[in-house]
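Residue numbers (this note's numbering), protein chains in the order written: chain A, 1 to 128; chain B, 1001 to 1230.
It is worth saying that the hints were derived from the structure and are not from the lab.
One should not assume that every hint holds.
Below are the BS3-like pairs computed for lysine-lysine, each with C-alpha atoms no more than 30 Å apart in a straight line [claimed, not checked]:
#: 1; chain 1: A; residue 1: K45; chain 2: B; residue 2: K1007
#: 2; chain 1: B; residue 1: K1055; chain 2: A; residue 2: K45
#: 3; chain 1: B; residue 1: K1152; chain 2: A; residue 2: K45
#: 4; chain 1: B; residue 1: K1055; chain 2: B; residue 2: K1219
None of these values were measured; they are calculated from a predicted model.
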Amino acid sequence: MHEMGVAAEVRRIARQSVADRGPGRITCVRLAVGDLAAIEPELLKYAWEALVEGTPEAGATLEVDWRPATQTCRICGDLPGRAPGTWLRLCPRCDGVLSVTGGDDLDVLQVVFEEEDPVEREAQGGER
Amino acid sequence: MTEIDVKQKVLAANAAAAAGLRETFARTGTLVVNLISSPGSGKTTLLEKTVAALKGSLSLGGLEGDIATERDAERLRKMGIPARQILTGGSCHLDARQVERALADEGGRLSNLDILFIENVGNLICPTGYDLGEDFKIVLLSVTEGEDKPFKYPAIFSKAAVTVVTKIDLLPYVPFDLVAVREQVATLAPDGRLVEVSATSGAGMDAWLSLLTDALAKKRAEIPAAGVAS
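Chain A on its own, in the form it takes in the complex (with noise of 0.2 Å):
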């Protein structure tokens, strides 16, 4: 549910940036999705697939980079590593408690269109 919502937003966005540049086809939405934004980018994916089906936008991909949140020691100032999805609790170096910084990210980077071709669209008798 919460994914539909988002994909939702995420088409709302799409449309309206192409809007001015139009008419076109939009083939590719990029995303950058953080580590704390409770989204699954698999699940979002195929809200998006369900979402577009049977729409203009029919076979364009989502693409989802993801940002992960990172950890810091705010003793040591030390960024040890981390396994995706696993929170360490103390510093492996110095016990210091560490805070956690980024991974709220839930931004459209970048459409991808293909503007219609003008003669096909005059052709078909397409009007601007």
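Keeping the supplied structure of chain A fixed, place chain B upon it in accordance with the hints.
Coordinates of chain B only, in the frame set by chain A:
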């Protein structure tokens, strides 16, 4: 093939609505808290006891998010405060536009209070990303849920300003490691607060209530004109 750089927040529309709400509540000096937890962790019961303790001295109200039934809003109305149910019809979280509409429908009854409680849909995941114009998020964790929840759901536990461990009267009967929870919360939210309460026995309620009244006093101090508005 044309590439357009957009760089727009997906939740920009929600963020704009939330900013509008925050502005409204800055004018009225209303402290807004967004309660997030699993279903059954005791949000409504904690609110009932909070209302019983504070309604003599403060004006309070509630916005209740659920998929179905008016039950929670009715429980708060029975406690003598205005409350509105937002039925999400299946959606797993509240968003700022729903809050905006609910407040508009109530015609100012819920937007000009000392404290407005927003009880989100029972869910530790989806409500995390939605700003409702609140002053802070509160996450509740009942002792019957198990002590591994903060590390399993790190996003909400690191975003919440306050973690409330509920139902501590049940600690003798359930295997729940309170020390482990304190450690996890300290790790995920080094600046966050942790309170441990039982709405049933009243244990820890004083700390919870003063947390709310202190936050309200702080908000009023930051907005000198606010006291006049109400």
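Against the structure, the hints come out as follows:
1. A/K45 with B/K1007: holds, 19 Å
2. B/K1055 with A/K45: It is violated: about 47 Å lies between the C-alpha atoms, which goes past 30 Å.
3. B/K1152 with A/K45: It holds: about 23 Å lies between the C-alpha atoms, which stays within 30 Å.
4. B/K1055 with B/K1219: Holds: B/K1055 and B/K1219 sit about 19 Å apart, inside 30 Å.
Comparing the model with each earlier hint shows a violation of hint 2 alone; every other hint is respected.
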